[in-house]
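A.B. asks: Sequence:
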Amino acid sequence: MQWKMGDTNGQVVAGGNGQGNRLDQLHEPTDVLIDKETDSLIICDTGRVVRWSRRSGTTQGEILINNIDPYGLALDDQRYLYISDYKKHEVRRYQIGDKNGTIVAGGNGQGAGLNQLNEPTYIFVDQQQTVYVSDYNNHRVMKWNKGAKEGIVVAGGGFITTEKNETRNILLFNKNLFISTSRSTICYSCTNFRKIYAKIMDLIHTLDFKKMNTRCYTYHKIRKHKTQLGKQYFVALS
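Per the UniProt record's numbering, the very first residue in the sequence shown carries number 1; after that it's consecutive.
Rather than coming from a laboratory, the hints here were simulated on the basis of the structure. One or more hints might be untrue.
[What the hints assert, rightly or not] Here are the simulated EDC-like pairs of lysine to aspartate or glutamate, each with C-alpha atoms no more than 16 Å apart in a straight line:
#, residue 1, residue 2
1, Lys88, Glu119
2, Lys87, Asp69
3, Lys88, Asp69
4, Lys146, Asp77
5, Lys36, Asp77
6, Lys146, Asp126
7, Lys36, Asp76
8, Lys99, Asp69
9, Lys87, Glu119
10, Lys99, Glu62
11, Lys146, Asp76
[Said to hold, decoys possible] Per label pair, the in silico range of CB-to-CB distance:
#, residue 1, residue 2, range
12, Gly113, Gln60, 38 to 46 Å
13, Met5, Asn137, 18 to 26 Å
14, Thr102, Gln127, 13 to 21 Å
15, Lys149, Asp77, 22 to 30 Å
16, Leu114, Gln11, 42 to 50 Å
17, Met5, Glu150, 41 to 49 Å
18, Gly16, Thr102, 33 to 41 Å
Note that this is a predicted model, so its numbers are computed, not measured. Don't be surprised by glycine CBs; every beta carbon is placed ideally from N, CA and C.
All chains, please: the whole structure from these sequences, using the hints.
C.D. replies: Here it is, written out as structure tokens:
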């Protein structure tokens with residue numbers, strides 16, 4: 001669905017013909033991105049990655065990659081497409097039109113090692129082709145530098161220091177994780193602020209709902225006192 005600012009009703013831009021695997025259908029899509037160069041939507045669908053043109057009159061999509069269990073998508077500045085496969089526990093990089101791809105994170109079976117993932121979900125890729133992975137069943141977010149054989153834990157698996165210089169161990173049952181880069185990397189949970197606000201306001205950041213201001217700890221501080229996370233799905237950088 002697409003909603004324009006101020007609209008009360010959305011517009012169907014992909015699917016809309018019931019659940020299924022026909023080219024004019026979608027089946028529980030999990031992620032979508034806009035490819036501005038081709039003016040199209042690239043969508044993680046069940047068992048496949050599909051592309052739908054955003055031009056008016058489009059009635060069906062096309063399959064880019066089949067026989068895959070995708071969950072998250074990212075497109076870098078060089079137009080490489082990154083896809084997380086939650087059953088193969090890996091992230092692959094594809095040239096558009098490529099069917100095989102290259103493993104850029106995980107790919108060493110299901111596990112908790114630094115060279116492994118356990119049901120990766122959403123991903124983000126920065127300008128250096130560094131891949132950030134929401135590692136769902138390991139309760140952590142991993143950073144994989146370009147060409148690396150193993151990742152770095154940037155959130156999850158330990159302790160943090162509060163504004164009062166108190167060290168605490170916390171477990172957040174969050175579905176979203178937001179990673180912000182501003183000079184240094186900053187990590188904090190942002191799934192359902194109203195439910196977890198009381199738990200995290202003095203642990204990870206403080207949030208002013210009226211001004212929507214957020215105070216965050218730097219990556220270096222969180223890396224030293226790592227945050228233990230619950231299962232998370234979403235990763236974003238700004």
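A.B. asks: A separate judgement is required for each hint: does it hold in the structure or not?
C.D. replies: Hints, verified against the model:
1. Lys88 to Glu119: Distance ~8 Å between Lys88 and Glu119 Cα, so the pair holds.
2. Lys87 to Asp69: 6 Å, holds
3. Lys88 to Asp69: 8 Å, holds
4. Lys146 to Asp77: 14 Å, holds
5. Lys36 to Asp77: Satisfied, since the Cα-Cα distance of roughly 11 Å is no more than 16 Å.
6. Lys146 to Asp126: 10 Å, holds
7. Lys36 to Asp76: 12 Å, holds
8. Lys99 to Asp69: Between Lys99 and Asp69 the Cα gap is close to 14 Å, so the pair holds against 16 Å.
9. Lys87 to Glu119: Roughly 6 Å separates the two Cα atoms, so the pair holds.
10. Lys99 to Glu62: 14 Å, holds
11. Lys146 to Asp76: 12 Å, holds
12. Gly113 to Gln60: 38 to 46 Å: With Cβ atoms ~42 Å apart, the hint holds.
13. Met5 to Asn137: 18 to 26 Å: 37 Å, violated
14. Thr102 to Gln127: 13 to 21 Å: Between Thr102 and Gln127, where Cβ atoms are some 19 Å apart, the hint holds.
15. Lys149 to Asp77: 22 to 30 Å: With Cβ atoms ~24 Å apart, the hint holds.
16. Leu114 to Gln11: 42 to 50 Å: 44 Å, holds
17. Met5 to Glu150: 41 to 49 Å: 43 Å, holds
18. Gly16 to Thr102: 33 to 41 Å: 34 Å, holds
Violated hints amount to a single one, hint 13; each of the other numbered hints is respected by the structure.
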